[in-house]
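Undergrad: Just need the whole structure built from these sequences, with the hints factored in.
Those sequence lines, one after another, are chains A and B. Once you know that position 145 of the first sequence is 145 in the working numbering, the rest is easy, because the numbers rise by one and skip nothing. Once you know that position 418 of the second sequence is 418 in the working numbering, the rest is easy, because the numbers rise by one and skip nothing.
Hints may contain errors.
Note: identical chains are not told apart, hence a pair may lie in one copy or across any two.
Said to hold, decoys possible - The list that follows gives simulated cross-link-like pairs (lysine to aspartate or glutamate, EDC-like), each with its CA atoms no further than 16 angstroms apart:
#, residue 1, residue 2
1, K377, D104
2, K377, E132
3, K376, D104
4, K377, E135
5, K377, E112
6, K138, D240
7, K376, E423
8, K426, D290
The hints are simulated quantities; they were obtained by calculation from the structure and are not laboratory data.
There are 2 protein chains.
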Amino acid sequence: MSPIGHEVRRLALRMIGTILTALVLLVVIGPVPAARALDIRTLTSPQGIPFWLVQVSELPVVTVDFAFAGGTRIEPAAKAGAATLASGLLVEGAGDMDGPAFQDALAARAVEFSTGVDRDAFSGSFRSLATEAEEAAKLVGLALAAPRFHADDIERDRRQLLVSLARSAENPQAIASRSLLAGLFPTDSYGRDTDGTRETVAALTREDLVAYVSRQFTRNRLTLGVVGDITPEAAGRVVDLAFAGLPAGDSRPKTDPVSPSFFGETVVDRPIPQTIITFALPGILRSDPDWFPAFVMNHILGGGTFTARLFREVRETRGLAYSVGTTLYPLDRAGLLYGYAATRNDRARETVQVIRDQIARFAEEGPTEAELAGAKKYLTGSFPLSLDGSGAVAGLLVTMQIHNLPPGYLDDRSSLIEAVTAEDVKRVAKRLLDTDKLSVVMVGQPADGAGSAAPAAARVSEDGARSTSPNSIQ
Amino acid sequence: MSPIGHEVRRLALRMIGTILTALVLLVVIGPVPAARALDIRTLTSPQGIPFWLVQVSELPVVTVDFAFAGGTRIEPAAKAGAATLASGLLVEGAGDMDGPAFQDALAARAVEFSTGVDRDAFSGSFRSLATEAEEAAKLVGLALAAPRFHADDIERDRRQLLVSLARSAENPQAIASRSLLAGLFPTDSYGRDTDGTRETVAALTREDLVAYVSRQFTRNRLTLGVVGDITPEAAGRVVDLAFAGLPAGDSRPKTDPVSPSFFGETVVDRPIPQTIITFALPGILRSDPDWFPAFVMNHILGGGTFTARLFREVRETRGLAYSVGTTLYPLDRAGLLYGYAATRNDRARETVQVIRDQIARFAEEGPTEAELAGAKKYLTGSFPLSLDGSGAVAGLLVTMQIHNLPPGYLDDRSSLIEAVTAEDVKRVAKRLLDTDKLSVVMVGQPADGAGSAAPAAARVSEDGARSTSPNSIQ
Chain A
1 MSPIGHEVRR LALRMIGTIL TALVLLVVIG PVPAARALDI RTLTSPQGIP
51 FWLVQVSELP VVTVDFAFAG GTRIEPAAKA GAATLASGLL VEGAGDMDGP
101 AFQDALAARA VEFSTGVDRD AFSGSFRSLA TEAEEAAKLV GLALAAPRFH
151 ADDIERDRRQ LLVSLARSAE NPQAIASRSL LAGLFPTDSY GRDTDGTRET
201 VAALTREDLV AYVSRQFTRN RLTLGVVGDI TPEAAGRVVD LAFAGLPAGD
251 SRPKTDPVSP SFFGETVVDR PIPQTIITFA LPGILRSDPD WFPAFVMNHI
301 LGGGTFTARL FREVRETRGL AYSVGTTLYP LDRAGLLYGY AATRNDRARE
351 TVQVIRDQIA RFAEEGPTEA ELAGAKKYLT GSFPLSLDGS GAVAGLLVTM
401 QIHNLPPGYL DDRSSLIEAV TAEDVKRVAK RLLDTDKLSV VMVGQPADGA
451 GSAAPAAARV SEDGARSTSP NSIQ
Chain B
1 MSPIGHEVRR LALRMIGTIL TALVLLVVIG PVPAARALDI RTLTSPQGIP
51 FWLVQVSELP VVTVDFAFAG GTRIEPAAKA GAATLASGLL VEGAGDMDGP
101 AFQDALAARA VEFSTGVDRD AFSGSFRSLA TEAEEAAKLV GLALAAPRFH
151 ADDIERDRRQ LLVSLARSAE NPQAIASRSL LAGLFPTDSY GRDTDGTRET
201 VAALTREDLV AYVSRQFTRN RLTLGVVGDI TPEAAGRVVD LAFAGLPAGD
251 SRPKTDPVSP SFFGETVVDR PIPQTIITFA LPGILRSDPD WFPAFVMNHI
301 LGGGTFTARL FREVRETRGL AYSVGTTLYP LDRAGLLYGY AATRNDRARE
351 TVQVIRDQIA RFAEEGPTEA ELAGAKKYLT GSFPLSLDGS GAVAGLLVTM
401 QIHNLPPGYL DDRSSLIEAV TAEDVKRVAK RLLDTDKLSV VMVGQPADGA
451 GSAAPAAARV SEDGARSTSP NSIQ
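TA: What follows is the structure, given as structure tokens:
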């Protein structure tokens, strides 16, 4: 990595707080001021594929964002990592083009094409000059319908994924995140690392990759957002060139909710000076009628980076942690209120206790009027800032459809937030902020200092051998 | 960090390749197709501060990007880290507002405000709704003119920076980048880590921070780009509210070129399975008349991610490395052609040899006509994709001014690239691609396999104790 790369990387890490906020905003969806609301058109391509379009003409560029419902959720446990490996291999050749030929074809048209995998979807994006949009779509269509998956490429990418897994196994943040989700979802795909394990990745075959993409890349799983300098007719052609060649597939996968197993406290012993803390409480599904009260509640508790109660109490008042915060994490089949903090080992248990106390206090007292007003002002006022760029808008179009929100919803977002009352927030706080269900992972060597009221946690040296504390709630 | 955060982080890391490309494009500057070139206005505020403005009205948002020439270049060596520490503390209070009061004021207006430091500048950006732009500017102006630097905040941020430095000391990519620059610039500020060292950061005082910002935040060092839904008059008021309160300061710091000291090969021994490789050759200043031939040359050699010679020869043909590439790194006072690769320990020396051979071959033979045509097509066609969003455009306005490019330059970029001939590229390749000046750092445990023609390198266990190989060129 170059020095620029290194600086970019550090910048990227520093931006994560901002990105988290933006993600939550995107997940929630909202309007620009009504006078300039996005003009969303809901269309169907000539071959019958539905898509949403926002026409903008400031740049001669077209962006297409797509998501196939599934992701690691449709991987068999023994094949974990197939989605990630397949994603990386999509630029390594398609149809009768090998990797270099495919990459030359993308470069000759200056096409950007990227894909990624999460716990609920395989997502991607392609961008090009408007004049090249149809050629770009043909190449993407070929990559999705006929990926090459050559043995040499599989081996090279597998080796790199194994290196990445080995690094991740030593990364405190990754351990903390992985251990928390593994504890919350011990038998569900949500509890697995999206990159798989060293064992499953080592065993993946070409057939596994083919099986995954055959199941994943179907029209019935597809959601599409198109943004740019393109007419509805041309956009329909682009959509068909990229996606009409895919099979219809089964109907959408069921999304029966899964209940997290709250487990108390776990310590993963690592010889590092800081303790990385992750924690979770029950959250709510995006479709829950209490979504907006919960969203406002989270902002006041831990979502509003510098202004949240946890930040003020943990960092500003007590100087305990450099970073602390929470976010609503609405998976398709489960909701979490997810939190994190980083602090010195000798203050880790005190930090957890303060977090616990603040959660209990919020459940008991609810928000102040000033907090409620501030949260509403911020959550409505900051939304337009998150819509800068056609990539952001294309992502929004996909997210809205995944959450079954109508296009007109954008006009209502501000009033839905404004309508949240202190009683609403208090009600949802009582429902969600139950410290008996607080699950905590600490990675590091948290000292058992005096003054900590936290129960003694099981101390384990491997997250694989994690056990739970006596007061854990399953 | 939340699971979202973790996934965002991985995405961010995967995007670095893309970002690197985008950075190079931004540094080079170029046009959207002439029909829709950016309408750049060069203006002066009522208080006499020059700024560039692009009015766009699709979102009711205003973005202001700024850069103060200097950065870590104006830190005394004994005070390294002062700029980074000061940057982080700017949101911790200003004027008579403490941290929480200042952060409440930003949040109440939904203002995004971020800053960062590199080897040539202290940079920042603030964004808000257009209706809040003047209030946002007042807050930023207060942070720049009267940062609080409270003792408690300094200590907390210092601790966190020390933790970050400790992690960076064990991060192979960071070691490789740091060691290369330290070797190239052993006595210049460019050779120092922008975060300072554990010793200098531990010793920084409030007075050091005040001294740094007093020297750094002056109008004579300032470059400004404003983008958004705002008139020239209102933009002038915003500029004055943020920056007119600063002293004029000395004239701009001199930018006498500094010559990198090319040093041969260095191995930093680390018990990891992969070897991280960084390397450098002479580059050129952005003001060099051969900039565009060098830019095209770099794209063909290693800049064009999937299509570059190094990628094809190192990765596709030989399967040696997962990633390999080069970038032009135009510092204000020096130019580098900077490269990186990651490979298995037992293939590291072979990888370096292939890189060396490809560099020598390019210097000897120059580009093929097909490579030249492909590079021109990509470098002109991809540029509009990099201008998506007002943040990208605001950054472009600042970069253009730093490089002394006129606004009309955007109209000429494509033709400047198209005008590059094979002879131009060959000439600049002969000038720059001198393998006697190739400096290489390997972090890991590169095996001394047979078949490597690379000279034996000094093996050291600490980058601090690095020595150079017998054939190093100082």
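Undergrad: Now, for every hint given, state plainly whether the structure supports it.
TA: Comparing the hints with the structure gives:
1. Taking CA atoms no more than 16 angstroms apart as the test, K377 paired with D104 passes between copies only; the shortest distance there is 11 angstroms, against 49 angstroms inside one copy.
2. In this assembly of identical chains, K377 and E132 lie within 16 angstroms of each other by CA distance solely across copies; the values are 12 angstroms between and 42 angstroms within a copy.
3. For the identical chains of this complex, K376 and D104 are inter-copy neighbours only, at 13 angstroms across copies versus 49 angstroms inside a copy, given an alpha-carbon limit of 16 angstroms.
4. Taking the shortest Cα distances, K377 and E135 sit within 16 angstroms of each other only across copies (15 angstroms), while inside one copy they are farther apart (44 angstroms).
5. In this assembly of identical chains, the alpha carbons of K377 and E112 lie at most 16 angstroms apart only when taken from different copies (14 angstroms versus 37 angstroms within one copy).
6. In this assembly of identical chains, the alpha carbons of K138 and D240 lie at most 16 angstroms apart only when taken from the same copy (9 angstroms versus 50 angstroms across copies).
7. Taking the closest pair of Cα atoms, K376 and E423 come within 16 angstroms of each other only inside a single copy of the chain (15 angstroms); across copies the shortest separation is 62 angstroms, beyond that limit.
8. Taking CA atoms no more than 16 angstroms apart as the test, K426 paired with D290 passes inside one copy only; the shortest distance there is 11 angstroms, against 66 angstroms between copies.
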